[in-house]
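Add chains B and C to chain A, keeping to what the hints say.
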Amino acid sequence: MKAGSVLVLGGARSGKSAHAEALAAASGLERVYVATAEPRDAEMGERIAHHRARRGALWRTVEAPDALEQAVAAEAAPGRAVLVDCLTLWLSNLLLAGADLESRCRALSGLVGRLPGLLVLVSNEVGLGIVPENALARRFRDAQGRLNQDVAARADRVVFVAAGLPLSLKGPCE
Amino acid sequence: MKAGSVLVLGGARSGKSAHAEALAAASGLERVYVATAEPRDAEMGERIAHHRARRGALWRTVEAPDALEQAVAAEAAPGRAVLVDCLTLWLSNLLLAGADLESRCRALSGLVGRLPGLLVLVSNEVGLGIVPENALARRFRDAQGRLNQDVAARADRVVFVAAGLPLSLKGPCE
Amino acid sequence: MKAGSVLVLGGARSGKSAHAEALAAASGLERVYVATAEPRDAEMGERIAHHRARRGALWRTVEAPDALEQAVAAEAAPGRAVLVDCLTLWLSNLLLAGADLESRCRALSGLVGRLPGLLVLVSNEVGLGIVPENALARRFRDAQGRLNQDVAARADRVVFVAAGLPLSLKGPCE
Numbered sequence: 001m002k003a004g005s006v007l008v009l010g011g012a013r014s015g016k017s018a019h020a021e022a023l024a025a026a027s028g029l030e031r032v033y034v035a036t037a038e039p040r041d042a043e044m045g046e047r048i049a050h051h052r053a054r055r056g057a058l059w060r061t062v063e064a065p066d067a068l069e070q071a072v073a074a075e076a077a078p079g080r081a082v083l084v085d086c087l088t089l090w091l092s093n094l095l096l097a098g099a100d101l102e103s104r105c106r107a108l109s110g111l112v113g114r115l116p117g118l119l120v121l122v123s124n125e126v127g128l129g130i131v132p133e134n135a136l137a138r139r140f141r142d143a144q145g146r147l148n149q150d151v152a153a154r155a156d157r158v159v160f161v162a163a164g165l166p167l168s169l170k171g172p173c174e
Numbered sequence: 001m002k003a004g005s006v007l008v009l010g011g012a013r014s015g016k017s018a019h020a021e022a023l024a025a026a027s028g029l030e031r032v033y034v035a036t037a038e039p040r041d042a043e044m045g046e047r048i049a050h051h052r053a054r055r056g057a058l059w060r061t062v063e064a065p066d067a068l069e070q071a072v073a074a075e076a077a078p079g080r081a082v083l084v085d086c087l088t089l090w091l092s093n094l095l096l097a098g099a100d101l102e103s104r105c106r107a108l109s110g111l112v113g114r115l116p117g118l119l120v121l122v123s124n125e126v127g128l129g130i131v132p133e134n135a136l137a138r139r140f141r142d143a144q145g146r147l148n149q150d151v152a153a154r155a156d157r158v159v160f161v162a163a164g165l166p167l168s169l170k171g172p173c174e
Numbered sequence: 001m002k003a004g005s006v007l008v009l010g011g012a013r014s015g016k017s018a019h020a021e022a023l024a025a026a027s028g029l030e031r032v033y034v035a036t037a038e039p040r041d042a043e044m045g046e047r048i049a050h051h052r053a054r055r056g057a058l059w060r061t062v063e064a065p066d067a068l069e070q071a072v073a074a075e076a077a078p079g080r081a082v083l084v085d086c087l088t089l090w091l092s093n094l095l096l097a098g099a100d101l102e103s104r105c106r107a108l109s110g111l112v113g114r115l116p117g118l119l120v121l122v123s124n125e126v127g128l129g130i131v132p133e134n135a136l137a138r139r140f141r142d143a144q145g146r147l148n149q150d151v152a153a154r155a156d157r158v159v160f161v162a163a164g165l166p167l168s169l170k171g172p173c174e
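As given, the protein sequences belong to chains A, B and C, one line each in that order. Per the UniProt record's numbering, the first sequence starts with residue 1, numbered consecutively. Per the UniProt record's numbering, the second sequence starts with residue 1, numbered consecutively. Per the UniProt record's numbering, the third sequence starts with residue 1, numbered consecutively.
So here's chain A without its partners, still in its complex pose:
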């Protein structure tokens, strides 16, 4: 796939990032990695380093923990694969910053299907456990579910990843 948009959905440690990177690599296009993680603590810092090491030198990295809509719109270009990893950390950053989740998510999902080149978006499915006791966690879970639905509705392909294995939910298989 050399143009269009793909949503890669999965759980924590499901292999979704590696799968998304493989999709971008398989395109043969120039690769841009849009990182939404903020290394707030040692645990997160380690995870970021682990991901960077796996990607290697073939990627240009852009940091966009907040202004993701602008970064994606600016980087998208014909002949280029832009990978966003991930919508879940971005949403979490927005929530902690007290941003207007609804309008921001609308702006982001509105870009899907309208940009040149290949766009690969990684996101977590977080709604398959018990209802969280924490009200903020419930709000996050709701916003994440709605964002995933909106992006999925506009994406050309949606893939669910479990134990490193992809399952096609929408669009042509690889």
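Rather than coming from a laboratory, the hints here were simulated on the basis of the structure. A portion of the hints provided could be inaccurate.
No copy is singled out in the list; a pair is fine if it fits within one copy or between any two copies.
When the alpha-carbon atoms are kept at most 25 angstroms apart in a straight line, the in silico SDA-like pairs for lysine to any residue are as follows [what the hints assert, rightly or not]:
1) Lys2 <-> Ser168
2) Lys170 <-> Gln149
3) Lys2 <-> Leu111
4) Lys2 <-> Ala77
5) Lys170 <-> Ala25
6) Lys170 <-> Gly110
7) Lys170 <-> Ala76
8) Lys2 <-> Gly117
9) Lys170 <-> Ala18
10) Lys2 <-> Gly113
11) Lys2 <-> Arg154
12) Lys170 <-> Arg157
13) Lys170 <-> Ala77
14) Lys170 <-> Ala107
15) Lys170 <-> Ser27
16) Lys2 <-> Leu58
17) Lys2 <-> Leu23
18) Lys2 <-> Ala26
19) Lys170 <-> Pro78
20) Lys170 <-> Ala143
21) Lys170 <-> Leu111
22) Lys2 <-> Gly56
Please read these numbers as outputs of a predicted model, since none were measured by experiment.
Frame of chain A; chains B and C shown alone:
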């Protein structure tokens, strides 16, 4: 599909209710919405209002937060689509009321496959997160998993919904 | 299937154990059940008893709450089906005992695809809920996700079970 039973399974904010409503609408049958939610707080009240607004005037709504078995049996009729939204809130009501979960779930799942018309049941998958620390939550999770298995075994079709997209687990695809 | 390896993945109370047992039974081979559960409390004791009763007398049971790698290697034989139920409890035992998770998981997953007979491994998907607040739970979730990926990469078949229904993620369907 104009007769038979469908279980629509999914996570929180997965689009499972909208999918279930679309299935009932596609049947072309007279539609009855059996609501199990009790507006215990503002958060729940908002969610109920949101769901009602989406359905519009084409549905007759029956409230059955407790006596769901009776409501389903009474409403089922040839040429009619009965949608139950959802088994998870019903189970949660039963648990809080100290009801006999096992016999109530057996009564409910025993109806599946034996009623006239189309029956669409919405339920949450809640067992794909970390084991809850709360014993009541673990009991709920177990009861929900067993109920889902029992209903799925008797249903003609089972659909898993993620990010608004259906994945067939059993029976013919749409 | 009379030889090779199958990973059966699913949530709590998803019917994954029953599905794994059915796979082993369908092989027609001599059956060994490798149990990793430790009856630490009444809740767990009950669950173990429930599983034993379902299996009946056709199984030989081996307890391996810790030294699972050795038990699997020792029991595997041509013409025999070895079922491990489950990797999640084993990992939890290791974590509580302060074991070196990485090397132990590598040893276990390294066996998959290299043993005679049929090997069926049951494991939980635990990463599809909200991020746990508890650091130990996050560590467990990460280790479980990595172990599932490593085992899935080496297994001949991977099946995801929801509401008692299998969905093939890898390999030939039944």
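Each hint tested on the structure:
1. Lys2 <-> Ser168: within (18 angstroms within a copy, 28 angstroms between copies)
2. Lys170 <-> Gln149: both (12 angstroms within a copy, 23 angstroms between copies)
3. Lys2 <-> Leu111: within (17 angstroms within a copy, 38 angstroms between copies)
4. Lys2 <-> Ala77: within (11 angstroms within a copy, 48 angstroms between copies)
5. Lys170 <-> Ala25: both (21 angstroms within a copy, 22 angstroms between copies)
6. Lys170 <-> Gly110: within (18 angstroms within a copy, 34 angstroms between copies)
7. Lys170 <-> Ala76: Result: close within a single copy only, 22 angstroms intra versus 33 angstroms inter.
8. Lys2 <-> Gly117: This pair counts as within: shortest intra-copy Cα distance 7 angstroms, inter-copy 43 angstroms.
9. Lys170 <-> Ala18: Result: close both inside a copy and across copies, 19 angstroms intra and 17 angstroms inter.
10. Lys2 <-> Gly113: The answer is within: 13 angstroms in one copy meets 25 angstroms, while 35 angstroms across copies does not.
11. Lys2 <-> Arg154: within (17 angstroms within a copy, 30 angstroms between copies)
12. Lys170 <-> Arg157: both (5 angstroms within a copy, 19 angstroms between copies)
13. Lys170 <-> Ala77: For Lys170 and Ala77, the Cα distance is within 25 angstroms only inside one copy (24 angstroms; across copies 35 angstroms).
14. Lys170 <-> Ala107: Classified as within; 22 angstroms inside a copy, 36 angstroms across copies.
15. Lys170 <-> Ser27: So Lys170 and Ser27 pass the 25 angstroms test inside a copy (19 angstroms) and across (23 angstroms) alike.
16. Lys2 <-> Leu58: Answer is within: at 17 angstroms inside a copy they meet the 25 angstroms cutoff, but 44 angstroms across does not.
17. Lys2 <-> Leu23: within (10 angstroms within a copy, 34 angstroms between copies)
18. Lys2 <-> Ala26: Answer is within; shortest intra-copy Cα gap is 9 angstroms, inter-copy 36 angstroms.
19. Lys170 <-> Pro78: within (23 angstroms within a copy, 34 angstroms between copies)
20. Lys170 <-> Ala143: within (21 angstroms within a copy, 29 angstroms between copies)
21. Lys170 <-> Leu111: within (18 angstroms within a copy, 33 angstroms between copies)
22. Lys2 <-> Gly56: Answer is within: at 21 angstroms inside a copy they meet the 25 angstroms cutoff, but 41 angstroms across does not.
The structure meets every hint from the earlier list without exception.
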